[in-house]
Amino acid sequence: GAVVSQHPSRVICKSGTSVKIECRSLDFQATTMFWYRQFPKQSLMLMATSNEGSKATYEQGVEKDKFLINHASLTLSTLTVTSAHPEDSSFYICSALPGTSSRGTQYFGPGTRLLVL
Amino acid sequence: SQQGEEDPQALSIQEGENATMNCSYKTSINNLQWYRQNSGRGLVHLILIRSNEREKHSGRLRVTLDTSKKSSSLLITASRAADTASYFCATALTGGGNKLTFGTGTQLKVEL
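From first to last, the protein sequence lines stand for chains C and Z.
Anchor point for the first sequence: position 95 equals 95 in our numbering, and the numbering is continuous, going up by one each time.
If you count the second sequence from 1, you need to add 1000 to reach our numbering.
Derived by calculation from the structure, the hints in this document are not laboratory data.
All residues carry an ideal CB built from backbone N, CA and C; glycine is no exception.
Check each hint, because a few of them may be wrong.
Within a straight-line C-alpha distance of at most 16 Å, the following computed EDC-like cross-link-like pairs (lysine to aspartate or glutamate) qualify [to be verified]: (1) Z:1099 / C:59; (2) Z:1109 / Z:1083; (3) C:66 / C:52; (4) Z:1070 / Z:1007; (5) C:41 / Z:1007; (6) C:41 / Z:1015; (7) Z:1109 / Z:1007; (8) Z:1109 / Z:1017; (9) Z:1099 / Z:1007.
A short list of chain Z residues far from chain C (calculated; beta carbon distances all over 10 Å) [claimed, not checked]: (10) 1020; (11) 1022; (12) 1041; (13) 1053; (14) 1054; (15) 1062; (16) 1075; (17) 1080; (18) 1097; (19) 1098; (20) 1100; (21) 1101; (22) 1105; (23) 1110.
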C-alpha cells in the first residue's frame, strides 16, 4: 500500500525557534498534501492544503506566516513552524493524495509530536 | 457544532462483542470515510463510502450511510483487543475537493 513518512517523529524545541517537519510520499507521487494538527484527545483539524508548485491554501484561523508550507516536489512537502511557542505544542500529521487517485483516499503519515518549552 | 460529530465519545466492550459507532454531519458530501488511530500514531484508512452508496463491507467492518439523515455508522463485528483505538469519520464535502473534515471521534476499548 501507499506509504507516507514524516520526519522527525518527535521534536522538542525552545520557545522562539523554528521547527521544520517533512512529509514524504515514499512510493507514489502526490500533487496534493494536507497538514493537520491534533491536540490531545481531540480530532484532527485541517491547517492547510499543500499543492506542488503553487502556494498552499490555509484554513481560516491558521496564520500562513507562522506555518510555512513548501511543496517543492511531487513527493515532499515541508511545514515550518516559525517562532514556536508552547501553545504550538501539538501532534502534526500530514496526508498525501496520490496523483492518480480518483477516489479521494488520503494516506496519512505517522505524525510528528512537537513540544515547545 | 462540528461538521462531524460522533457518538458515543467512548465505548468499552468485551472481546467478541460487536461495536457500533455513529457519525452525523451537516452539509452535502461526496463521500464519507472512516479512519482508525492508535494512541499517538497516524491514521489508518478503513473504508470509504460514496454519497450514492448505502452500505459497504470490508472484512469485519460494515459501514452504512444515510444521506437523508446525514449520518453514517461503523460496525465492527466480533471485536478483538487489537481493535482498541480511536475511530474517526471524515467527510469530503460537495465542492470541497478532497479536503476532509474530521468528526470528534469515538474511543473504543475492547477488553479481554
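Each hint tested on the structure:
no., hint, verdict
1, Z:1099 / C:59, "holds, 11 Å"
2, Z:1109 / Z:1083, "holds, 8 Å"
3, C:66 / C:52, "violated, 20 Å"
4, Z:1070 / Z:1007, "holds, 14 Å"
5, C:41 / Z:1007, "holds, 15 Å"
6, C:41 / Z:1015, "violated, 24 Å"
7, Z:1109 / Z:1007, "holds, 14 Å"
8, Z:1109 / Z:1017, "holds, 11 Å"
9, Z:1099 / Z:1007, "violated, 23 Å"
10, 1020, "holds, 19 Å"
11, 1022, "holds, 15 Å"
12, 1041, "violated, 6 Å"
13, 1053, "holds, 12 Å"
14, 1054, "holds, 18 Å"
15, 1062, "holds, 19 Å"
16, 1075, "holds, 21 Å"
17, 1080, "holds, 21 Å"
18, 1097, "violated, 8 Å"
19, 1098, "violated, 5 Å"
20, 1100, "violated, 7 Å"
21, 1101, "violated, 7 Å"
22, 1105, "violated, 5 Å"
23, 1110, "holds, 19 Å"
Violated hints, listed in ascending order, are 3, 6, 9, 12, 18, 19, 20, 21 and 22; each of the other numbered hints is respected by the structure.
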